[in-house]
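Chemist: Numbering (my numbering) for the sequence shown: 95 to 613.
It should be emphasised that the hints constitute simulated quantities derived from the structure, not laboratory data. Remember, predicted model here, so these are calculated numbers, not experimental data. Built from N, CA and C at the ideal position, the CB exists for glycine as well. One thing to keep in mind: the hints can contain errors.
Heads up, simulated DSS-like pairs for lysine-lysine below, C-alpha to C-alpha not over 27 Å straight-line [said to hold, decoys possible]: (1) Lys601 to Lys396; (2) Lys349 to Lys601; (3) Lys254 to Lys413; (4) Lys584 to Lys601; (5) Lys254 to Lys266.
Listed next, with one range per pair, are the computed distances between beta-carbon atoms [stated by the list, open to error]: (6) Ala423 to Gln524: 17 to 27 Å; (7) Ile510 to Gln247: 16 to 26 Å; (8) Lys177 to Ile343: 19 to 29 Å.
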Amino acid sequence: MMFSVKFVWPCTIPTLKLPFIKMRKLVFLQLIYFCQAMRLNQCVKAALLSSLLFVGSFRAIAQEKWSFERCVAFALEHNLTIKQSELQRRLAALTLQQNQLSQLPTINGGADVGYNFGRSINPTTNSFDNTTLFSSGLSLSAGANLFNFFRVQNNIKGSKYELEASTFLLEKARNDMSFNIANAFLQILLANEQVKISESQVSLSSSQLDNTKKLVAAGSVPESNQADLEAQLARDSSTLVSARNQAIITVLQMKAILNLDFNIPFEPEIPANIKETPVLDIAQTAPEMVFSAALSTQPQAKADRSRVLSYERYLAATKAQQYPSLRAAGSMGTNYASTSREVFGAPVFNGYDTIAAVSVGGAEYGVYQPNYSFNTQKTPFGTQINNNFRQYIGLSLNIPILNGWANKSAVNRAKIDLANQELTQAINRQQLRQDVYTAHANAAAALQKYQAAAVTEAASQKAYDFATKRYNVGLMNSVEYITTQTNLFKAQVDKVSALYDYIFKIKLLEFYRDQKITL
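Produce the entire structure from the sequences given, and follow the hints as far as they go.
Modeler: And the structure:
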C-alpha cells in the first residue's frame, strides 16, 4: 500500500489544533479537511476517521454525569468566594494566636560595632577621649507584664469570639453556595425540560404538516392550511432554538459558580424523584416555627451573637488602658573598646620627684613623691567582656494621667462599635424574619400556581385532542387548530416552570428551617 503526502502552505491548514477540539462534529469536519489537504488515500482516511469516532464515542461513554452532591463537593473545594471566607477565618485564627502569645515575656538581644572619631565617650571608661577607637557591645533585655487590669485576657477572649464568628460565616458561605447550586441545578433541569417540550412541539407540528400536505394533495383541505402549519413549524423551530440557547446559558452559569473550566463538558444527573411534587406541610413549615429554628441554626445569627460578645470583650480591654499597669524588666550587657589598656609586670622605681617645699622654724624642707613607671598593654577582648559585664532588674509602674484623651476616645469608639454590632444583629434578625415569612408566602402561592397549571395543562391536552379530530375531518380551520396547539404548548411549559419554581420555593423554606439542601 502506498500513499503520497503533499506539503501545503501553512495558511491553508486550519488554525484550531485537532486534539483540543471538543465538539465531535467540528472534529469530524476538521479531519476531513486535513485528509483532503494532505491528499491521503481512501484507506488511510477511513482508518483515521474510524479511530477518531471510536475515541470520541469512548470518551462520551466514559464521561461522568454531575450529580447535585458532586456539584456541591466541587464548589466547596474550588469556588472563589468560599476560598475568600476561608482566608478570613485563617486571619482570625492568626489574630487569636498572636493575642495568646502576647502573654509571654518579651526578650530582645542586640549587638553593635563601630568606629568613633574625634572627641567621644569611651564606652569602657566613660571618659572623653580625643582619639579614634573601635568599640562593640552586646545586650539582652527582657520584660513581662505583671498586671494590666486583664487587658490581654480580654483581647484573647474577643479574638476567640471573632474566630467563632468567622467560622460561622464560612459555614454560611458554604450553605449559601449549596443553595445557589441547587437553584442553578433546578434551572438546568427546567431548561432541559423546556427543550424536550419544544422538540416534541416541533415534531408534532412537522407530523401535522406532513399529514396536511397529503390532505391538500387529495383536495380535502385548502392550501392555506398548509401555509399556516408551515408558519407554525417555523415559529416552533425558533422557540426550540431559544430553549436550547437558554439551556446552554444555565450550564454556563453553573460552571461559573463551580469555578469549572468552560471547556469541560457538563451533563447533570437528574434525580429519580425530581418531578415528584413535594408536600407543603403547614405544621412543619409555619413561618414563626421556621424563624425560631433559623435563629438557632442559621450561621449568620450565630456569627452575630459571637460578634457582639467579641466587641464586649474588646470594650473591656480598651477600658483597661485607662488604668495603671505594672511591668517587670531586666537587662544585661557588656562592651569592648580598642583604646582600653591594662598594667602588667612590677612597677619600675625612677627616684623621687620634689612636689613642694615646707618652711619649719626658718628651715625649709622639701616634700618628695616617688616616681614609678608602668608597663601597659591592650586589654584583651575576653577580659573586657568579663570586666564590663553589667546587669539590671526592676519594676516599672505606668500611670496614665493626661495623653490628649486618647484612651477616653478609644473607649468611646469601642462603645460605638459595640452598639453598631448590636444594631447589625437586630437588623439581620429582622431581615431573617421577613425572609422566612416571604419564603412561606411564596411557597404557598407557588403550590397553588402549580396546581392551577396542572389543571390548565390537562384541559388544554383534552381540547387539543378534540381539535385534532375535528381538524382531520375538516371541521376546524388551521388558525383555530394552531391556536389550540399553541395553548397546549404554553400550558405544558407553564406547568413545568411552575413545578420547578415550587420545588425551589419549598427547598428555600426548608433551607431556612434545617440549613440543608437536598434534591
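Chemist: State for each hint whether it applies.
Modeler: Structure-based check of all given hints:
no. : hint                         : in the structure
1   : Lys601 to Lys396             : 22 Å, holds
2   : Lys349 to Lys601             : 22 Å, holds
3   : Lys254 to Lys413             : 19 Å, holds
4   : Lys584 to Lys601             : 26 Å, holds
5   : Lys254 to Lys266             : 18 Å, holds
6   : Ala423 to Gln524: 17 to 27 Å : 52 Å, violated
7   : Ile510 to Gln247: 16 to 26 Å : 23 Å, holds
8   : Lys177 to Ile343: 19 to 29 Å : 25 Å, holds
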